[in-house]
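So the chains spell out like this:
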Amino acid sequence: MVIIMSDEQYQKFIKKYTPKPKKLINAITTFVAGGLVGLSSEILLELYEFWFNLPRKESGVLVILTLIVIASILTALGVFDICVTKLKSALIIPITGFAHSITSAALEYRTEGLVLGIGANIFKLAGTVILYGTVAVYIFGIIRLLIIGG
Amino acid sequence: MIYVYAFLFCGLVCMISQIILDNTKLTPGHVTSLFVVIGAFLDIFGIYDRIVLYCGAGALVPITSFGHLLVHGAMDMANDLGPLGLSFGIFNLTSAGISIAITVAFILCLIFKPKH
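Line by line, the protein sequences give chains X and V. Note that the first sequence covers residues 1 to 150 in this note's numbering. Note that the second sequence covers residues 1 to 116 in this note's numbering.
Everything labelled a hint here was simulated from the structure, so no lab data went into it. Just so we're clear, the structure is a prediction, and the values are computed from it rather than from any experiment. Be a bit skeptical, because a hint or two may be false.
Stated by the list, open to error - Think about it this way: if two alpha-carbon atoms lie no more than 30 Å apart in a straight line, the pair counts; the simulated BS3-like pairs of lysine-lysine are:
1. X:K86 - X:K124
2. V:K25 - X:K23
3. X:K124 - X:K12
4. X:K86 - V:K113
5. X:K15 - V:K25
6. X:K22 - X:K12
7. V:K113 - X:K22
8. V:K113 - X:K16
9. X:K86 - X:K22
10. X:K124 - V:K113
11. V:K25 - X:K12
12. V:K25 - X:K124
13. X:K15 - X:K124
14. X:K124 - X:K23
15. X:K16 - X:K124
Pulled out of the complex, with its shape left as it was, chain X reads as follows (with noise of 0.2 Å):
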């Protein structure tokens, strides 16, 4: 049997059938998964300061260097991948996202040789970040030069 339905009809009728996206319960995930990310940092900033004797400045730095660290080994074992399809952006956009992206694309393109597969991809997802960053360094830096003068 051939059923003739317009495009209208056609789209009511998937709409019954495709999820709907839960948005609330996506909100409050990320939410706690984030906030639990900021608070075992902060824990991790203080302990720093306590084991090295470090100022904050510099265990802040420190901080970054051991999530970036993490967020690479698992993304590299594949545990990652998973988490973030539960956690969603509650992992990409902590600095844990930049190092999955490096990481990630280094993977992926590896089969295609060091220099034109590696060397050439490697930046393909974080470069956004940089290129978009110090543009607006750029920009922001002179309007804040022009106005407070430093």
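Mind docking chain V on chain X? Use the hints.
Below, chain V alone, put in the same frame as chain X:
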């Protein structure tokens, strides 16, 4: 109290990005670029410095702090050298993160095979 603020700020940033992702057609790449620019913008008048003071690492971990650190390093050098210092100091504070990420990624991709 700094723990609560760290939790709230980091959670809030992640939640805003998730809401943007769910309700528009933007990809995670768009949202991260947008947040870097927002972080750089908030640093013009030193607002982000205040947030870091109250939220600690909760404000250092989201990608907004990448833009903040870029502006911060550039402005530090610009204070000494004038407008030319923008170019000298731009990656001063973020160089550690970028270089570690590149090196670790390179070593790991030699060891591991991608899993699908």
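Would the hint linking K124 (chain X) and K113 (chain V) be met if the CA-CA limit is 30 Å? 19 Å, holds
Verify the proposed pairing of K22 (chain X) with K12 (chain X), using a straight-line Cα cut of 30 Å. Holds, because 20 Å separates the two Cα atoms, which is no more than 30 Å.
For the pair we were handed, K124 (chain X) and K23 (chain X), check the Cα-Cα distance against 30 Å. Distance of about 29 Å is within 30 Å: holds.
Satisfaction of hint between K124 (chain X) and K25 (chain V), Cα-Cα up to 30 Å: Answer holds: K25 (chain V) to K124 (chain X) is near 20 Å, not above 30 Å.
Sort out whether K124 (chain X) lies within 30 Å of K15 (chain X), counting only the CA atoms. 35 Å, violated
Hey, K86 (chain X) versus K22 (chain X), does the alpha-carbon distance stay inside 30 Å? Roughly 12 Å between the alpha carbons, so the hint for K86 (chain X) and K22 (chain X) holds.
Given the hint that K25 (chain V) pairs with K12 (chain X), test it: the Cα-Cα distance must not exceed 30 Å. 21 Å, holds
What's the verdict on K25 (chain V) and K23 (chain X), does the C-alpha distance respect the 30 Å limit or exceed it? Holds, at about 14 Å.
Please work out if K86 (chain X) and K124 (chain X) have their alpha carbons no farther apart than 30 Å. 24 Å, holds
Between the alpha carbons of K113 (chain V) and K22 (chain X), is the straight-line distance 30 Å or under? 34 Å, violated
Measure nothing beyond the straight line between the CA atoms of K16 (chain X) and K124 (chain X); if it is 30 Å or shorter, mark the hint as holding. 38 Å, violated
30 Å limit on alpha-carbon distance, applied to hinted pair K15 (chain X) and K25 (chain V): Distance of about 18 Å is within 30 Å: holds.
Figure legend: structure checked against the earlier numbered hints; hints not met, in rising order: 3, 7, 8, 13 and 15.
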